[in-house]
Amino acid sequence: MIVILDASTLINLVNGGVLSEVLNLPDHRFLVSGVVRNESRSVAAAVDVAVSTDKLGLVDDGVISANAFREAKREMQLDDGETECILAAQAMACAIGCDDRAARAFAKRELGEASLTGSIGLLRQAVVAGLITQSFAFASYKLMVARGGYLPTIDEAGF
Amino acid sequence: MISIAEHLSSRQLTWASAAKKAGLTAARLRAVAGGAEASLGEMRSIAKALRVPLSAIVDDTPAEPIKMLFRQTIDQRAASVASSVEVLSAQIRDALTLVEGLPKNTAWLGLFHDLEAAAQGAEGFANLFRKAYGELDDSEPFLHLGRVIEELGVHILYCRDASVEGVSAIVDGYAFILLGARGFKPRMLFTVAHELGHLVARHDQPNASYALLDDEKDFEGIPKVSQREDEKFADAFASALVLPRHGVLKALKAIRAQLRATGPLGDVEILWLSRFFGVSFEVAARRCEQLDLLPHRGAQALYQQLKHEFGNPERRAEALGLPARENIDIDTSPVLLQAAARLVRAGSISVGRAAELLNVPVSALFVANAGSIA
Numbered sequence: 001m002i003v004i005l006d007a008s009t010l011i012n013l014v015n016g017g018v019l020s021e022v023l024n025l026p027d028h029r030f031l032v033s034g035v036v037r038n039e040s041r042s043v044a045a046a047v048d049v050a051v052s053t054d055k056l057g058l059v060d061d062g063v064i065s066a067n068a069f070r071e072a073k074r075e076m077q078l079d080d081g082e083t084e085c086i087l088a089a090q091a092m093a094c095a096i097g098c099d100d101r102a103a104r105a106f107a108k109r110e111l112g113e114a115s116l117t118g119s120i121g122l123l124r125q126a127v128v129a130g131l132i133t134q135s136f137a138f139a140s141y142k143l144m145v146a147r148g149g150y151l152p153t154i155d156e157a158g159f
Numbered sequence: 160m161i162s163i164a165e166h167l168s169s170r171q172l173t174w175a176s177a178a179k180k181a182g183l184t185a186a187r188l189r190a191v192a193g194g195a196e197a198s199l200g201e202m203r204s205i206a207k208a209l210r211v212p213l214s215a216i217v218d219d220t221p222a223e224p225i226k227m228l229f230r231q232t233i234d235q236r237a238a239s240v241a242s243s244v245e246v247l248s249a250q251i252r253d254a255l256t257l258v259e260g261l262p263k264n265t266a267w268l269g270l271f272h273d274l275e276a277a278a279q280g281a282e283g284f285a286n287l288f289r290k291a292y293g294e295l296d297d298s299e300p301f302l303h304l305g306r307v308i309e310e311l312g313v314h315i316l317y318c319r320d321a322s323v324e325g326v327s328a329i330v331d332g333y334a335f336i337l338l339g340a341r342g343f344k345p346r347m348l349f350t351v352a353h354e355l356g357h358l359v360a361r362h363d364q365p366n367a368s369y370a371l372l373d374d375e376k377d378f379e380g381i382p383k384v385s386q387r388e389d390e391k392f393a394d395a396f397a398s399a400l401v402l403p404r405h406g407v408l409k410a411l412k413a414i415r416a417q418l419r420a421t422g423p424l425g426d427v428e429i430l431w432l433s434r435f436f437g438v439s440f441e442v443a444a445r446r447c448e449q450l451d452l453l454p455h456r457g458a459q460a461l462y463q464q465l466k467h468e469f470g471n472p473e474r475r476a477e478a479l480g481l482p483a484r485e486n487i488d489i490d491t492s493p494v495l496l497q498a499a500a501r502l503v504r505a506g507s508i509s510v511g512r513a514a515e516l517l518n519v520p521v522s523a524l525f526v527a528n529a530g531s532i533a
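Chains as they are written, first to last, in this note's numbering: chain H, 1 to 159; chain L, 160 to 533.
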């Protein structure tokens, strides 16, 4: 399964100290847009490490037409990175990881609910895969929230 | 929206050089500029080569009303600034979507009621501002100017166009200062003071919209004396605001006594002065010239000498072992970041779009949200 991570999810995973665990999810291949790398210094470092070790790939922005991008930007009113994630996921018939409420609404409409996940969903999958414990997942989630993540309220049982 | 060809022309780039920077052939660049189907990757490379945001060549949402404000001054109608005007008009249009609902922020200009904004009176404006809003005497450095401006309600943003030094604007009753991001904060301190000078100059018409941009080239090296009255006023205001006459004289006296300096004023004293007041050597030297402490063109001569011998004045200061510069806080207005964070939490806008509107990294909106939660 290919999952394209947008900036909101990537920052949350880095802030929660759980990016490397999530990138180890079996049968998953994670991609990010090149522009996401510039959204945070801490994310840039984490992305560079993950890309150099082939845990993370980069979205090829050559597969997206500029006209489609222009139309999508006008319609969805999202930023360049979010728009690119959704269009790339459409072009590649894959999923996206996005934590932003407004962007998720469009992603759900364009890609379908089954192709949409986020930090919480990825934490849950990591628990199921035995990569982290439930309490570790909850501690990561609390860190994400404390560091400004735009996430819904959820308790430990949610993981 | 202006075309790729107009951006090229405005930025004095040739088709060949821009194509090379974008990793395309000149023929392909011409084809894309002519409307050929392009990929997002190609457009991104072209935007980078032009040094404009991607939106400047992709987004076709008009920013005409604000563009007209820029074009009200003759200089800003020139083709050489057309590209910057386009980018900045869109940025102000975008910022307005975030400030809607926030209080209008030009009432503070009432302090200057009945004063005439002429260059010879700029020092009076600056002294009044320092005392009333900076709560400073006539000698202290004004390193917290950015915070004071924010507290007055003027919204500070970083320019999407890095080739611009600064912009001041009042649109729909909201005052903005846009700054070119510079690694050397002392340069930005003077720029913010200069843009504030433009706002202050319009104190008698706080509800009249306008937009004014200052080019990067006018702020490099020893700033030239502008022929335009509004620039003369802004410069004189900025100099007096961050380098108050009495403060400069008092500091120089103390510095020279400490260094046991005799004879004409030299580069070392000016370097100390620049560090104390948080400005560049160039700005401090020019202020000394304005105060007749240096001969005519003396600032330029000293600056050229330092540049020739040391690369730049800061290297000379380091070689002399001068204490490190104090931090100067000039950042995107927290009020805007908080307003954006509220909209993101409500799902009214995406976090990425909010970051795009404010020209900050997405992570800045996370920090703002963390502050709201705390």
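Note that these hints are calculated values from the structure, not bench results. Among these hints, one or two may not hold up.
[Unchecked claim] Quick list of the computed label-pair ranges, beta carbon to beta carbon:
| # | chain 1 | residue 1 | chain 2 | residue 2 | range |
| --- | --- | --- | --- | --- | --- |
| 1 | L | G193 | H | S52 | 48 to 54 Å |
| 2 | H | R29 | L | R306 | 24 to 30 Å |
| 3 | H | K55 | L | Q464 | 50 to 56 Å |
| 4 | L | R504 | H | S52 | 33 to 39 Å |
| 5 | H | S42 | L | E294 | 56 to 62 Å |
| 6 | H | N24 | L | Q171 | 49 to 55 Å |
[Unchecked claim] What the simulated footprint calls covered on chain L by chain H, stretch by stretch (three residues with Cβ under 8 Å from a Cβ of chain H suffice, anywhere in the stretch; the number is not a length):
| # | stretch |
| --- | --- |
| 7 | 239–249 |
| 8 | 301–314 |
| 9 | 516–530 |
The beta-carbon is built from N, C-alpha and C at its ideal position, and this holds for glycine as well.
Inset, instruction - Find the hints from earlier in the document that the structure breaks and name them by number, from lowest to highest. - result: 1, 2, 5, 7 and 8
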